[in-house]
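Letter by letter, the chains look like this.
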Amino acid sequence: MKQLANWFRRQSLEASLDRELRYHLERRITDFEKAGLSPSEARRQAVLELGGIAQIREEVRDVWLTRWVRDFMYDLRFSVRSFLKTPTFTIISMLSLMLGVGATTAIYSLVDQVLLHALPVRHAERLVLIDWRGDQVANAFGSWNLMSYPICRDLDQQKEFFDGVFCRALTTVNLSTGADYYPARAEIVSGNYFLVLGVGATTGRVLAEDDDGTPNANPVAVLSYDFWKTQLGGTTDVVGRTVLVNRHPLTIVGVAAPTFRGIDVGQVPSLWIPASMSAQAIPGFSDLLNRRTRWMQVLGRLTQGMTLQRAQTGLQPWLKAMLQEDTRRLGFPVIAAERRRRFLDSSLVLTAAPQGHSSLRRRLMEPLWVLFAVTAVLLGLACLNVSGLFLARGSARDRELSTRLALGASRGRIGRQLLADSLLIALAGGALGAAAAPFAVRTLIALLPTDVAGTALHAGIDLRLLLFALVASVTAGILSGLAPAWQSGRRSLVSSFRERGGTAFGGVRLRKAIVIAQIALTLTLVMGAALFVRTLDTLIAKGPGFVTSSLVSFGIDSPRSGYSPSEGNRLIRRIDDAIRNSPTTQASAVAQVPLLTGGSWSDPMTILAGERISTDRDINLNAVTPEFFQTMGIRIVEGRSFDERDTRAPGETGWRSAIVNEAFAKRYLAGRNPLGVRIGEGSGPDVEPNIEIVGVMSDFNYRGLREESEQAYFPFFEGQAASGSFYVRVRGAAESSFQSLRVIVRSVDPTVPMTDFRTLDEQVDRSLNTEHILAMLSSSFGTLALLLSLVGLYGVMSFVVTQRTREIGIRLALGARRSAAIWLVLRDVLTMIFSGVGIGVPVAWALGRLVESQFYDVKASDPPVIAIAILVLCLAGLAAAFIPARRASAINPTDALRIE
Amino acid sequence: MSSSRFPIPQGTLDMLILQIVSLEAMHGYGIAQRLEQISRSVVQVNQGSLYPALHRLEQKRWLRAEWKQSETGREAKFYALTASGREQLAAEKDDWARLVGAVQLIFNEGSGS
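Protein chains in written order, with the numbering used here: chain A, 1 to 900; chain B, 1 to 113.
If you're looking for bench data, these hints aren't it; they were derived computationally from the structure. All values derive from a computational prediction rather than experimental measurement. Using N, Cα and C, we set each Cβ at its ideal position, and we do this for glycine too. One or more hints might be untrue.
Ranges of calculated distance between the beta carbons of each label pair, as one might list FRET restraints [said to hold, decoys possible]:
(1) A/Gly-305 - B/Gln-19: 52 to 58 Å
(2) B/Arg-86 - A/Pro-120: 34 to 40 Å
(3) B/Ala-91 - A/Leu-48: 56 to 62 Å
(4) A/Ala-5 - B/Arg-86: 43 to 49 Å
(5) A/Leu-116 - B/Gln-19: 55 to 61 Å
(6) A/Gly-204 - B/Ala-91: 30 to 36 Å
(7) A/Arg-77 - B/Arg-86: 35 to 41 Å
(8) B/Gln-19 - A/Ser-410: 52 to 58 Å
(9) A/Ser-410 - B/Asn-46: 55 to 61 Å
Using the sequences and the hints given, assemble the complete structure.
In structure tokens form, the structure reads like this:
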């Protein structure tokens, strides 16, 4: 550091050293003169004694600043000066790298936040997710990797392998901290959650083992720091206050540490509730102690020095014993021998989970890596661009470099100078890119659904990100400097002096190779963009299979307002009636599970059609009101919709009737008349198929637009569902109907919360969110790539025309047509484009296969896509080459010959 | 005469400079003179290596430099020992004494047997 400071005060240091040496010499000369030497002899003696003054100076300078740093500083200074002399070149290079580094850094920011960032907890590297492989013989609700609470508590006892094992489940509660009720995310956790994670409290305390004792007896909660700050204004007297969760009072015992936002980056909880209070947090839930209900994710912290593999094998004997014991437990279901074997053969799978557990990660993992790869390619393109520009400048500096070589500069020294050039440009471009990255990240986050992005992701720039940008810039700098440095190493001193400015052909081949590489990379990006855009277009054109215009939806969640299931079901019927009778609506229906949200209710089915069969995969199930099909514009192909004939007789349980979709009929009832066939939910031998198929509906999407599935629907009002999604076809604009619908619901019950209010067009957009992002970003990046390689192409062709001015002039003088001159240039361009295409298509095809799951109804080898990409490249390339070609044709033969 | 003078051992020049400056602040020429006087006819100090050494010691903050009026009335750059330089000198003297002692021991052993 001190050495670098010396660089900036080197002038005063030099002056001072001069004075010091002069003083020494003059004193010595005086001494010698006193001793009787003549003045000239005295000076000679003194200088001789001191040794070479220039050498002393050099040695002292080495003390001030190590030699190579000093040389490097001189190189940098020289670079800066020469950059300032060629501002256009400098700005284009810097902008290229700024684009590359900025885009890569922005995407990396999301990759880091969503995929890589370890939880801010103690020893995150020892966290593991514990999952079950096999059959748990349990019913499930929730997302993925689910197990029951008692099994989690059993795992916590395996102290040989784990410091602790905790479990958690996310839910949405109806929360009130004062007058209002609003939906809030809550994480239901075992009592050791905070202890195992090693997370403390900002104020008060976190949950402890005691809070998770007797069920229903521990009405406490811990707030998240963000919730405390934003919703409660960070009041200091928060501990001891009461909040209402689904109308049950819970006492706040503390606020968690500021950096801790739960273990799921996509779903940040507002509060934590002990599992002992799960019946209050999830209305109607009473299976906390049921070993055969799986609903929580289980994570543990391995003991110091324990490996995943050892823990996994080591747990097996314990698991075997537990499974045997479970089959003897009271209430273990009667199951077929086959299923029993699957149960007893189950094993536990441990995976490292330093980033926690996240469904957002699951959803965004592949798209984010795709985008990251795309930006990396873009950065590569930017490097190639800068390389090309440097080579162009290199040939302009040919004589300077040759002169330096002739004066004795080593090739290494000159190569280093060129590397300093590109590093400097890359660092400057990278700094700009890093500065621009937060804006890009903010734009990216705005593309994601707000309920995900708003809480979970941030656009700030941190040390990790800066480090990434630095590494990216330095890599880019070295990469862009490689070609020019290599070129300078090959320079032949003699030929370079012999050649005159106009005829030097050095570097053209290398520059053409760079342009070809650029075209190949650009083609992959353009093809990728075309594939993603086609995927999105196809999905939009296809639609969900029902009419979305003027259709709005919202959820009613009555249990969270204290309704029992049967009361809730009646409430929904009252709201449904009120909406249907309103003059502002055309039609209204209710579905138990909302459509196009990614979730579903699914189970295998048993079908009795001649013989008894079980479906080979899960059927997507739902329960809907009779008006559902007419409201949604879904055709009843055969049979009828639900009506009063489906009403149960008193004392009768279960559903009487079902409507299946065409895919179901085609797959399982091929060739038969589906009407009258009997089915039952489940696949075990104990299932009684006594639900009659009364109708067949046209196919439409349930979970998302990509998924075609077999479906079976039941009558809503014959079930016990107390929550559901309303689908209302309104008159006039969908958006303006929200207020009137709110009024109608309030008139039935002013306290019941309405959730997820949105139009179906919006819902389709949301379910296509990933496809939107991929299509949009890949097109933008493709366009940028195209621009970058056009700059490269234009540059090299201008250069070629300049180089061949004389040749073209001679040809014209000998009677060649001007069009021949144009063709001379275009032929070059076409050769480069087709070489690039030749490399790019196979590369794009290979890469496309890796991300095939992101495409819909299109393959990486799709001929129209390839054709379009090539056409775009050719047109753009020819446009870029047009200006140099025009110049070539306008060459005046006499002028051209006079150049020499 | 010059044949009987041997070049100063590697690394001892710094120590000698620190020792000379420890008595009083001195400019480069003075230090050169003093080295010459003290070591006359024994060690040969290349004056050319004196200035890099002085600047190295200053960089290490063992010496501190100041422009002052010299005995001839002209301004000269005077070097003085800093606190950390004093510590360094003590340490080096100590090391040197131990080395000399050890070498002496070995010699004694050789002549004794």
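Comparing the hints with the structure gives:
1. A/Gly-305 - B/Gln-19: 52 to 58 Å: holds, 55 Å
2. B/Arg-86 - A/Pro-120: 34 to 40 Å: The hinted range 34 to 40 Å is violated for B/Arg-86 and A/Pro-120, with Cβ atoms some 48 Å apart.
3. B/Ala-91 - A/Leu-48: 56 to 62 Å: Taking Cβ atoms as reference, B/Ala-91 and A/Leu-48 lie about 36 Å apart, which means the hint is violated.
4. A/Ala-5 - B/Arg-86: 43 to 49 Å: Violated - the Cβ-Cβ distance for A/Ala-5 and B/Arg-86, about 25 Å, lies outside 43 to 49 Å.
5. A/Leu-116 - B/Gln-19: 55 to 61 Å: Given a distance of about 58 Å, which is inside 55 to 61 Å, the answer is holds.
6. A/Gly-204 - B/Ala-91: 30 to 36 Å: violated, 55 Å
7. A/Arg-77 - B/Arg-86: 35 to 41 Å: Roughly 39 Å apart at Cβ, these two residues keep to the hinted range, so it holds.
8. B/Gln-19 - A/Ser-410: 52 to 58 Å: violated, 42 Å
9. A/Ser-410 - B/Asn-46: 55 to 61 Å: Given range 55 to 61 Å: violated, Cβ gap about 29 Å.
Hint compliance for this structure: hints 2, 3, 4, 6, 8 and 9 are broken, all remaining hints hold.
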